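Peer 1: This is what each chain is made of:
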Amino acid sequence: MNKVLLIVTFSLISFALFAQGTIAVWGSPHNQVARNVPEGDDFIDIAAGNKYGVALRADGSVVTWGQANQLVNNSPAGNDFVAISAGDQHAVALKNDGTVVAWGSNSYGQLEVPTNSDIAKVASGIYHSVALRTNGELVAWGNNSNGQCDVPSGTFIDVAAGNTFSLGIASSGEIVAWGQGWNNELNVPSGNDFVQVSAKFLHAIARRSNGSIVAWGNNTENLNAPTTGNYIDLEAGWQGNVAIRDDGELVAWANLWVLRTIPEWVQELDIVKVSGGDAFFLGLTGEFGESDADSDGVADSMDSYPDDPLRAYNLSYPLESATGWGTLAYEDLWPQKGDYDLNDLVLDYKISLVLDAEMKVKDIQGDFMLRAVGASKLNAFAIEFPFPTSNIDIPNSTLGVGDGSEYSMPVIEAGTNSILKVISSTADFVNVPGNGVYWNTQMEQPYFDPIPISFEITLIEALDQTTLPFWGFWNPYLMVDRIDGHEVHLPGYPPTVLANEELFGEEDDTTNPEMNRYYKTASNLPWALDLPIHWKYPIEMKEISQAYYRFAPWAESGGTIYQDWYDLGTGDLNLDFIYDR
Amino acid sequence: MKRLIFFILIVVLFLLGACDDTKVKLTEVKMQDLVVPDNFNYEMNNQIDVNLQGAWRLPVYIKTTGGNLLFKAQMNPASGINTKLILPNTIKEVVVEYQTFAETINVSGGNLDFNFRAEQ
Chain B
0 MNKVLLIVTF SLISFALFAQ GTIAVWGSPH NQVARNVPEG DDFIDIAAGN
50 KYGVALRADG SVVTWGQANQ LVNNSPAGND FVAISAGDQH AVALKNDGTV
100 VAWGSNSYGQ LEVPTNSDIA KVASGIYHSV ALRTNGELVA WGNNSNGQCD
150 VPSGTFIDVA AGNTFSLGIA SSGEIVAWGQ GWNNELNVPS GNDFVQVSAK
200 FLHAIARRSN GSIVAWGNNT ENLNAPTTGN YIDLEAGWQG NVAIRDDGEL
250 VAWANLWVLR TIPEWVQELD IVKVSGGDAF FLGLTGEFGE SDADSDGVAD
300 SMDSYPDDPL RAYNLSYPLE SATGWGTLAY EDLWPQKGDY DLNDLVLDYK
350 ISLVLDAEMK VKDIQGDFML RAVGASKLNA FAIEFPFPTS NIDIPNSTLG
400 VGDGSEYSMP VIEAGTNSIL KVISSTADFV NVPGNGVYWN TQMEQPYFDP
450 IPISFEITLI EALDQTTLPF WGFWNPYLMV DRIDGHEVHL PGYPPTVLAN
500 EELFGEEDDT TNPEMNRYYK TASNLPWALD LPIHWKYPIE MKEISQAYYR
550 FAPWAESGGT IYQDWYDLGT GDLNLDFIYD R
Chain A
0 MKRLIFFILI VVLFLLGACD DTKVKLTEVK MQDLVVPDNF NYEMNNQIDV
50 NLQGAWRLPV YIKTTGGNLL FKAQMNPASG INTKLILPNT IKEVVVEYQT
100 FAETINVSGG NLDFNFRAEQ
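Here the protein sequences line up with chains B and A, keeping their order. Using numbering that gives the first Met the number 0, the first residue of the first sequence is number 0, and each one after it goes up by one. Using numbering that gives the first Met the number 0, the first residue of the second sequence is number 0, and each one after it goes up by one.
Bound conformation, chain A alone (with noise of 0.2 angstroms):
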């Protein structure tokens, strides 16, 4: 038994070891050494257009997946809510709430586009 014990001590220890050597380990780089994309403008920010329908004059609020909330405004049932929202790359998803619906919804193509009227 002690040795069967060894023995997958062993392999786990080599499959860890084995993990850790797949991680990229990075390093500084001269930025003279650079090869970047021709068309890449160090975009961090990405702005949104955000067109929300609705079919009630209440509050609509755009939060991150995590409940920060990012803006809030009444809907015009008539024109919506047209704005836009900048927001760093690293978010891709949000939370648009609205009378008892909360729908997560991906803008990094840069579009937050919801119609929340029945006919959806």
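This is chain B alone, in the form it adopts within the complex (with noise of 0.2 angstroms):
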């Protein structure tokens, strides 16, 4: 008897030991039982029911939520309530002294709750429930229309009710039934080392001390139980099962296809109590108890960086890319217009921002890769960033690698700003300029692969994305020759408070600041593009427009159509005119 106590009482207490977590419902459930999942984080036990679930606050307060406006309309006041329990139309829960509240319907005498001031463990059937008493003995209430509700005599680790039935584990771990049982529901497994036991409707599983599961009844997809693996909890449901395995995935059969997979997403959690209910599932997340390690508020299953409270999530542009990378293609002759070959200076770029459990950008990692230098002068390439140099942390930056090697990348105080001087010479890297051939613009020149320069920026104070400016958290331009203020913005991209201003409307330029009118010709022609892909450019003294055919009508049309004109793919081009290799 003492080791009846001991158990019953654990099973009491196990509920407060559940980490307070979020509800998440997935399956098929009714609209209003998704739509009003109630909010908090701070639930400790959750119950789904026929288009309705009921859930239980750390405070000790029910809520009930769906479709059933019986039971949702009357869930009980109080904030003394340590358990609950679901059935198809009426809901139970025990209160911490003991006794036993239901609402909802009580067309079977769901709501005659017996007097009881020593239950244990509450289990509601369709019409009927059983309750388990700290002495071990059980006590039913409700549709007895087939027996369920009489319940043998004995002690009791567990109980479990369904439609005509009813179930529970005798302390020897021998599991009981009683009531009607047409679908086999009767026909429980043998053994004595069982320790859970859940039924729903017309079918039951049961768990054993070895964490294995066995499933008995309505002969359908519900009892295609797994075979493999350890368990540390389950729960039946009208259509479907779900349960838990010690490595924490969760594990579902159904007869309902909806139910049989178990989302991504609802994976990714950190689930630590589950319940079946009409065509859907509830899990309980305990992601804010010990697991967020950090205590940034992200949970460790959501967050990229769980043990450092400074650091969350990963952001990469180009978003969408195929292969991860845009393409920054410039022409270096400004204020004179250019060939328009869009190929003197071309770097392929990935920006992955770094940010924090408050979206704030932490760290922004650059990688580049050379692909051609189409010039004859020496160019440089830089970026400007919207934050001071101040606020970067020099020592936990890396500023930079240039070829597998360290290569010293200047910050440059730009006002408020910073400047990065990513190359500080095409040189550093391309030796062929000057001899007469250009690198990786021609095709009956030698190719040369890529080369690979990268940085990273830690930031003393995270950079609030909704201060950010109109041109972004990034602004990367050449440097023409390498002079200090010679600059070649994307079009519409300022200059830095550093450009020789003096050049702005020189030769073919109209740059005018106080027109917010930047780096475009009078007949709106650019010097530089931006491209979220990794981009085929145009073979030396090609225009773009010779090579992609869809690139004239594209900018002729504001960009409205042919947005996709860089794509080789699209048929309309000269491949004759396009760096392909």
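Worth flagging that the hints you see were computed from the coordinates, not collected in a lab. Treat the hints with care, as some may be off.
To be verified - The list that follows gives simulated cross-link-like pairs (lysine-lysine, PhoX-like), each with its CA atoms no further than 25 angstroms apart:
{"no.": "1", "chain 1": "A", "residue 1": "Lys-62", "chain 2": "B", "residue 2": "Lys-349"}
{"no.": "2", "chain 1": "B", "residue 1": "Lys-349", "chain 2": "A", "residue 2": "Lys-71"}
{"no.": "3", "chain 1": "A", "residue 1": "Lys-29", "chain 2": "B", "residue 2": "Lys-336"}
{"no.": "4", "chain 1": "A", "residue 1": "Lys-83", "chain 2": "A", "residue 2": "Lys-62"}
Stated by the list, open to error - Quick partial rundown of chain A residues pointing at chain B, CB under 7 angstroms, derived from the structure:
{"no.": "5", "residue": "Thr-26"}
{"no.": "6", "residue": "Glu-27"}
{"no.": "7", "residue": "Val-28"}
{"no.": "8", "residue": "Met-30"}
{"no.": "9", "residue": "Val-34"}
{"no.": "10", "residue": "Val-35"}
{"no.": "11", "residue": "Gln-46"}
{"no.": "12", "residue": "Trp-55"}
{"no.": "13", "residue": "Leu-69"}
{"no.": "14", "residue": "Asn-81"}
{"no.": "15", "residue": "Thr-82"}
{"no.": "16", "residue": "Leu-86"}
{"no.": "17", "residue": "Pro-87"}
{"no.": "18", "residue": "Asn-88"}
{"no.": "19", "residue": "Thr-89"}
{"no.": "20", "residue": "Thr-99"}
A quick note: this is a predicted structure, and the numbers were derived from the prediction, not measured. Note that beta-carbon positions come from the ideal geometry of N, C-alpha and C, so glycine has one too.
Grab the two chains, each in its own frame, and use the hints to assemble them into the complex.
Peer 2: Here it is in structure tokens:
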């Protein structure tokens, strides 16, 4: 008996041991169930019913939601509840004084709860409920048309209730069934090592002390319990069952196909309790107990840096690029028009941001591949960032790496912004200019592998994305002939405060800061492009509009048509004019 | 019957030929001949301001309509999810998954706003 009391007492305490968490719902729930899942991350127990759910908060209060108004509108008040269970159209809750309350439909006397004040656990069937007393004995009420409330004598450690039947695990570890079993519900498995039982409608499942699961009852997919693995919790639902494996994975088997697969987002959660309803499952996360190691408010399961309170998420640009790379392409004759082959400097880029829990930028990693230098000048490449140099954590930043070796990237103050000179001179990596042959822009000349260049900036104070200028978090530009102030930016991007204003409006340029007009000719032609893919640029001396036929109508339409003009798959291009290596 | 089939065949071929003639055949253009609108800055990316609200501290996934993951984060019920995404202009819609919901949202206007709260 002492063993029974110990186990029963543990059963009560175990609810309190669950970490407080959030309720997740999946499957095919009624809209009122899905839409009205209660807000908060302080839940310690859940129960799924027929088109409704019940949840228990850490403060001892109960909330009911869903489509079943008779239940939702009569959810019991108070802060002294310790456990809950959900039937078809009635629900029950156990109070900390050992008494039980029920609400919802009373069509079969489901609400006529016993007066006992020593209840340790309660389980609701379709139209009846069974309770386990602290002395191990059972009591039942509600529909008894099939003897499902005629509880056997003896002591038990767990109970469950289906439609016409009820189940208990005797203190011997054997499963005992009573009531009516037209669908083999009473054909319980043999053995004396059972530790948990759950039932719903026409079937039941149970867990042995070795963690294995057995199912019986109506011969449907609900009986296809997993045959491998060790499980720590399980729950039967109407059309499906779910169990928690000892490695934290959820496993489901079901009549209803939508319940057979656990969604990826649910598997990523740290689910500590499950419950099966009518075509849906509920899961209770434990992520706000011990599983937020760095206490940044982002659960470890969602935190890319679970031990670092200053970092939580990764965000890379360009997004949705097949290769993960974007391309910057420049002409270097500004303020004179160039030859529009856009290959004087070609860099693939990938910008990776590390965000904190509030979505502020903590780190900026830039990865580049120097692909082409179709220029006779020795140019430089730099990036303006919207934060002061004093906000750069220099000791913890890597500035930078070029072609596999350390490569010094000077940081320059530019008003309230910073400039990082990523490439001080293309001659640092490319030796071809000056001998009359360009680098990776002429098909008849040798091809050179792209050169990797990278940096990583760590900020002292994370950057609030809501305060960024219109050009965002970076403003990349070419420095003609390495001359400070001789900047060539993307069209529409402003010069830095270090730019030589005397060049604005000279030659073919029409830059006018007062009009917010930057780096375009009088006919609005650019000196640079930022493409969201690994772009195949034109060969030497061939204009972009000669290589890509869709470029001209795209530009003339203001970007409204042929938005995929840069894609080699469009067919509207001249491959002979494209450097395709 | 043969005449009828032959006649139909001729008509179909004629119509197909007419369709082909309506297709715009693009060819190379000199840059100096382009007439580009004043306010066009050759943007091929769209900077999206993300503002998602929800009641449950659960993961939120932003995906393409083809199912490719763009970003995932945990919903903050107090402040929501506020960040920026830079997407190619060719992407007009994204799918936001949260709890059992999967909302397809047009982002061509530069905003990704949605409130998953019950009162929505």
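Peer 1: Give a verdict on every hint.
Peer 2: So, going through the hints one by one against the coordinates:
no. : hint                 : result
1   : A:Lys-62 x B:Lys-349 : holds (19 angstroms)
2   : B:Lys-349 x A:Lys-71 : holds (19 angstroms)
3   : A:Lys-29 x B:Lys-336 : holds (13 angstroms)
4   : A:Lys-83 x A:Lys-62  : holds (14 angstroms)
5   : Thr-26               : holds (6 angstroms)
6   : Glu-27               : holds (4 angstroms)
7   : Val-28               : holds (4 angstroms)
8   : Met-30               : holds (5 angstroms)
9   : Val-34               : holds (6 angstroms)
10  : Val-35               : holds (4 angstroms)
11  : Gln-46               : holds (6 angstroms)
12  : Trp-55               : holds (5 angstroms)
13  : Leu-69               : holds (5 angstroms)
14  : Asn-81               : holds (6 angstroms)
15  : Thr-82               : holds (4 angstroms)
16  : Leu-86               : holds (6 angstroms)
17  : Pro-87               : holds (4 angstroms)
18  : Asn-88               : holds (5 angstroms)
19  : Thr-89               : holds (5 angstroms)
20  : Thr-99               : holds (5 angstroms)
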